[in-house]
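Use these hints to put chain B onto chain A, whose structure you have.
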Amino acid sequence: MIYCPICGTANRDGSKFCNECGARLVPQEGVHEKGHTKCPMCGALNPESNEVCSQCGARLKPLVSIPPEELPLEGPAPFIKEAGEVKPEEEDFLARLRETVGEEGPPEAEEVFSPATPEEARQVPVFPEEIIKEIPEEEIPDILASLRAKVREEEALFAEEEEEAPPEEMPRVEIPSWVTGEERPPEEKAEAAPEEAPEEEKPEVKAPPEKPPEVEVFRWPEEEEKPAFAEEEIFKELPAWEEIKPEAEMPPEEELPEWLKEAEEVKPPEEAPPPAEWLKEVELPWLEEEKGVEAPVMAEIPPWLEALRPLEEVPPAAPPRRPIEEAEKEEEGILAGLKGVLKAQGAVAIPERPAFSEVAEVPIKKDLLQSFLKLAYTRSSPPSIKVPSRRRGRRRYWLLYLVLFLAALVPLVVKWPPMPVGSPPSPPEVRDFFEVVEGLPSHSPVLVAFDYEPYMAGEMEAVARPVLTHLKNRGCKVAVISLVPTGPALAQGIWDEIAGSYSYGEDFVNLGYVPGREAGLRALASGLGEAVKYEYVEGKPLDSFPLMQGINKASDWRLVVILAGEPSTILWWIEQVGSLPGVRLAAAVSAGLKPYVMPYYQSGQLEGVIAGVPEAAHYEDLLGSPSYVTSFAPAQALAVLIALLVILAGNLFGGGG
Amino acid sequence: MKKVIPTLVAFITGIIVLADFLIYNPLLDQVSNSLLNWALLVAAFAFIVGLLNVLIVHFTRIIKRERGWPYSIVLVLAMWLVIIFGVLDPRGPQGPIVSWVFRYVQYPLQATLFAMLAFFALSAGYRAFRRQTVDATIMLVAASLVFLGQAMLISEWGKWFAAIKDWILSVPTVAGMRGILLGVSLGVIATGLRLLLGMDKPYAD
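So the sequence lines, in the order shown, correspond to chains A and B. Residue numbers for the first sequence follow my numbering, so the first one is 1149 and each next one is one higher. Residue numbers for the second sequence follow my numbering, so the first one is 690 and each next one is one higher.
Hints listed in this document are in silico derivations from the structure and should not be mistaken for laboratory results. Where hints are given, some of them may not hold.
[As the list claims (entries may be wrong)] If you only want the chain B side, here are some residues facing chain A, beta carbon under 8 Å, derived:
no., residue
1, Leu729
2, Ala732
3, Arg750
4, Gln783
5, Gly784
6, Gln799
7, Leu802
8, Tyr815
9, Arg816
10, Ala840
11, Lys848
12, Leu858
13, Thr862
14, Met866
Glycine residues also receive a C-beta, built at the ideal position from the N, C-alpha and C atoms.
This is chain A alone, in the form it adopts within the complex:
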């Protein structure tokens, strides 16, 4: 982690800039690598060919300025029409036009004229007007007719302008030097001033109608060329200069515009207004402690405001700053007294502290300002940020894992706590399962489906064992089958452990794996021979086993027991096989599947249900020979209790997260 020197935010290792405030985390390198250009903005090294920085996009090479005379001319498009663009109806007209013009002819098409200014564009001979006027109206195409109309409009416009144009003796308005930006030499100014003053006093200079005073009429330089007003309009608005008497002349200062008068009337600033009352109460600790200035007299502070006053603290003494030249001198070690051994680092990279005098001008309330000043004055290092310790979190979870492991292991080793026999009573679905098996006649054929994978074997074997034990005790003929490829091997292993010595093919047979899921089950329901041809262990035909004699369809089994670890398989059995008449189903499933199978138990489609290790323990209890499941059921119960306590602790104490 890299901590930002400005805001203290923790950033990833290798970060160059702070994710929070964008401050630089890696000091700028002062070395320029050969063949690289250092960005002036972010300091990143870029290849020399880069024009902009690859990091921040700042320009690395200055833009090259092109002199105006080298710039390409830009203006209206040349008035050229290429030969290919001439319309067929215009061709004849243009041919006759060439003949008419004769030697004078129209301007050659190769002479491309690109006017640089609008004035030049106006002077371009768009088309010889005399030629246009000589052509009869009916022979002129539309394009030239519109051109002629335009020419006439322009002629009319120019005629009007000539009539309204001011006379040649119209005085040109002199532009003040402060407008044009030109500075007159001081001699000129000095000469001009005495000349103007007496002229104003002379009565004949007062106001000749054709020479209005320069100050009264002002135009911007752009308007100078073209006359904006007719002469009469200008003089109509002017005052009658003959009627103005000398004693009624306006003083020079009154001729100034209004805004200029206001500017002159501005007086020098008075003393700063007294600070607000709330600002007087602000304590300035640096004034008291560093400069020795007496604090202002404290006003009466209300109790609620007094409560907000920050505690007085002595600020840490700032280390005295030495000039860089002095700092370069070594004070300790063998280099003591030498200068320039290590170059002292300047204070460029140190962020500036806020200027308190500026902050004090911010119009905020006294308490906020006081707390802010105190915070800014006493803070000498970035705030420490609490980063949650990953190691501590891991340790906490390892502790939880250890507790769970011991809760499951210790009861298995020390055989404690004992499982109370007969308490609590078995659930009704477990009792029903037991009664169904108990009610089977001896030597009844029973089909057991091992539909779970090896990863579920820890729980499912605990459920399967008491059921198979009960069937064996009842003298049932058991055939096992599976919808998962590993099911037959699991079934064979359990039956070998339970039955001990048995006659394969007479007491027990392994029908193996049935592919096709629902389709396989549907074929099994229609006829056993359709789904299974050979048994699993010896690979013999099913007819060769005494157990399989007389078994052709699903209803020939006196009971079908489903050992399912997943909801899909038990639903397939119920839908494809359990729906046939005469088929009895019972399910022994993992604890998590109980909600899935209970609706079918309540509807009668399943005649009994065993779910999970606790109910398997109940089943063993009903059998009257608690052994396998009862030996580890207390361990599981204790582990469940630990899990419950951990979850409650997480809720009460807010751990983790």
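Same frame as chain A, but now just chain B:
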């Protein structure tokens, strides 16, 4: 034509099997059983296709030296060893080598991985199973009672907690689950009809 023929085959097959489910007719039953046998053959052949696919994927990883390619070598070698010994042994999958591999390699590995789920579930419950909303609080209380019904199996007080647990699992849980199953069944009927009528053609993609 490319879409019509698969749709027609699917429609006829589905109608025959569905009719055999509802109507008893010896001829219909024989045709339906034949179709189901074909389905089993296709499903078994899918294993061979899957085997080839696994080999192609892992051979590609080995040749290209992709990440974890040594594990692909282990997988391919183990797979071929089991297949060869299972085919050559006259007892098939019940032979000693294949049985040993299943009993002492596959079984413990899968069971171990699943057992670790208890630790993950514990840490997840510690961190996330919080009473942040009313729904979460109800769920937390119900789960705690079911946990107690399981855990108090070892106690004399267990019958009280077991009764509460059985009620929760038999009444409110079954009520919700029954509604879900009914909805799923209606969805299965609708999907089956769409497949039969050719409105959905997943086989034609």
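Going through the hints against the structure:
| no. | hint | result |
| --- | --- | --- |
| 1 | Leu729 | holds, 4 Å |
| 2 | Ala732 | holds, 4 Å |
| 3 | Arg750 | violated, 24 Å |
| 4 | Gln783 | holds, 5 Å |
| 5 | Gly784 | violated, 11 Å |
| 6 | Gln799 | holds, 4 Å |
| 7 | Leu802 | holds, 6 Å |
| 8 | Tyr815 | holds, 4 Å |
| 9 | Arg816 | holds, 4 Å |
| 10 | Ala840 | holds, 4 Å |
| 11 | Lys848 | holds, 3 Å |
| 12 | Leu858 | holds, 6 Å |
| 13 | Thr862 | holds, 5 Å |
| 14 | Met866 | holds, 5 Å |
This entry does not satisfy hints 3 and 5, going by the numbered hints stated previously.
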